[in-house]
Amino acid sequence: MAQEYRRAFAQATNDPASFWLEAAKDLQWDTAPLIAIDDSRKPLYSWFPDGQLNLSNNALDRHVAAGRGENIALIYDSAMLGSVHKYSYAQLLREVETFAGVLVARGITMGDRVLIYLPMIPQAVIAMLACARLGVVHSVVFGGFAPKELAARITDCAPVAIITASGGIEPSRRIEYLPAVAEALSLAQPAVKDVIVAHRDGFEHEISEYQNQPINGQNITWLDWDQQAREASPAGAVSLPSTHPLYVLYTSGTTGAPKGVVRDTGGYGTALQYSMNAIYDVHPGDTMFTASDVGWVVGHSYIVYAPLIAGATTVLYEGKPVGTPDAGVFGRIIEDHKVTMMFTAPTALRAVRKADPAGQLIAGHDLSSLRSLFVAGERLDPDTYHFATELFQVPVVDNWWQTETGWPIASNPLGLEELPAKAGSPTTPVPGFDVQVRDALGEELQAGQEGNIVVRLPLPPGALTTLWGNDQRFIDTYLSQIEGCYLTGDSGFLDEDGYLFVMGRTDDVINVSGHRLSTGAMEQVLASHPAVAECAVIGLADALKGQRASGYVVLKSGVAIEHDALAKEIIALVRQHIGAVADFREVTVVSALPKTRSGKILRKTMRQIADGKEYTVPSTIEDVAVLDDLVPLLRPGT
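For the sequence shown, the UniProt record's numbering begins at 1 and goes up steadily by one.
Relax, there's no trap hidden among the hints.
EDC-like cross-link-like pairs, simulated, lysine to aspartate or glutamate; straight-line CA separation at most 20 angstroms:
id: 1; residue 1: 148; residue 2: 583
id: 2; residue 1: 86; residue 2: 336
id: 3; residue 1: 613; residue 2: 490
id: 4; residue 1: 25; residue 2: 15
id: 5; residue 1: 25; residue 2: 281
id: 6; residue 1: 422; residue 2: 495
So the derived label-pair ranges between C-beta atoms look like this:
id: 7; residue 1: 564; residue 2: 635; range: 19 to 25 angstroms
id: 8; residue 1: 572; residue 2: 632; range: 24 to 30 angstroms
id: 9; residue 1: 204; residue 2: 624; range: 51 to 57 angstroms
id: 10; residue 1: 67; residue 2: 193; range: 38 to 44 angstroms
id: 11; residue 1: 107; residue 2: 355; range: 45 to 51 angstroms
id: 12; residue 1: 623; residue 2: 418; range: 52 to 58 angstroms
id: 13; residue 1: 323; residue 2: 231; range: 36 to 42 angstroms
id: 14; residue 1: 214; residue 2: 543; range: 47 to 53 angstroms
id: 15; residue 1: 201; residue 2: 531; range: 40 to 46 angstroms
id: 16; residue 1: 107; residue 2: 556; range: 50 to 56 angstroms
id: 17; residue 1: 470; residue 2: 26; range: 29 to 35 angstroms
Since the hints were made in silico from the structure, they are not lab data. The structure presented is a predicted model; accordingly, all values stated were derived computationally and were not measured. Just so you know, even glycine gets a beta-carbon here, dropped at the ideal spot from N, CA and C.
Make the full structure from the sequences, and use the hints.
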């Protein structure tokens, strides 16, 4: 059983150099690599250090040169506008090389950073590929983030330009982007010289409002995308070292300070092409619909880069799984565009199930083109797995990975062979990821024993190479706890068949509808309220969103404030400083928080109580009566 998978996994584990040099041949290199891995800076590794290539060229030019220029590369399907626009590979190439020319005309060059703050519109894909074309390092920020979070990323990666749009369209509202960008610039320490704006009709604010208004004493030029494109000369693809950074993508840290995950060029391209062959089984002629956002790692890898590198068609969807117009929209997209492979989050499937328990709206469409459904973002619970399997009548594959890894750590490798599925498991580690489960002392655990999930170094191509501007933080955060291993921050176990079960986070980063959010950052906001003396935020299990944030506050002595008023003010603060993506709605006033004698709040114990799980009162607790008083609030009815 599983002969092809086991052969590939064994080779990738025992002889990674030859395995990945062979996989790299599926890309077009300007200088083909002869060296697989540079380990001279252990524990920091780099892949294909002697290779030269360009990923924009691999995603576009080479397919046009091979005679596939009229094949459809990108389908923009906007449920918000009720429109569909298709780009052939030749058309998308023209758009990308033209916008790359816009960047060149503004003096933006290899190694510069550009921050992209765009909704799900074609300009997002075009801007990313144009940056890649020039060796400009892009940093895409999800449109739901508040100006303060945007400012933190501007300060950290120091972009010379921001690419944005008039705004984003939600089912019930329009979100103005220009005021948010202007406010973020006022809060940041910017090196930004240009803001390039893709105009969208129906928005209140215009570029002219911001022209000739210095921000932090600096003159910033606001430019119209279309006007600049009309005047630009097309730019060719720059040959880049494999190790050149392609992008910086921020993920929450437990301290609240964002971590800028750095992705290289050649290793990432190799891993994505391999994953399309071995995991997703997507090839030229296939259509891949990834219902995500380009601000997430899933959007980077499997809306933009991987499908185009593989020569397939990718669907860029602007809309929601429900409400645009209904819970059948996924079926409509599959039918309209003859989707062969779909990728979404468990949250989306749970939303569909909540709105349409029998899945009749999706089932009413022709789903015959679909071969597989992949799911990632948080754990795929067995109920949702069975619902999706029954609804779509195709293999439903839970694949587990992180912003840091860039592609799946564990999955059912349909492109190699379909392994028997186990509900609740993302199946087995992918070739290249030598996954082990270790205890707190670093000792390897036996099958079925839960512990820290780690990956033996070196990480395969495509994983993060460092954190932006901070090698030491990368080492301290991921590589120093267990020698020779990458610490995933998740706990779980491997069963007797080698299947991985991921049980949850081992730190205080929570996962809300696929967004990894720092509870520490939320606590900082709660603590800023004048009535709050101290607080804790924990992530509670949520049937729809995976987790939801719940806040517990101790009021300052002598403060009198109505609970509803306090909750409303705190919720508004979180929305202002963290953003709507936190979906923060719960505030409970408590007399005290349970702590250890060293002052550490017992968040894990609180979470276990609230989730109805068995818990042990730590021996280090300062006052057990505080915890006893909290139990009825955390677990009503007890």
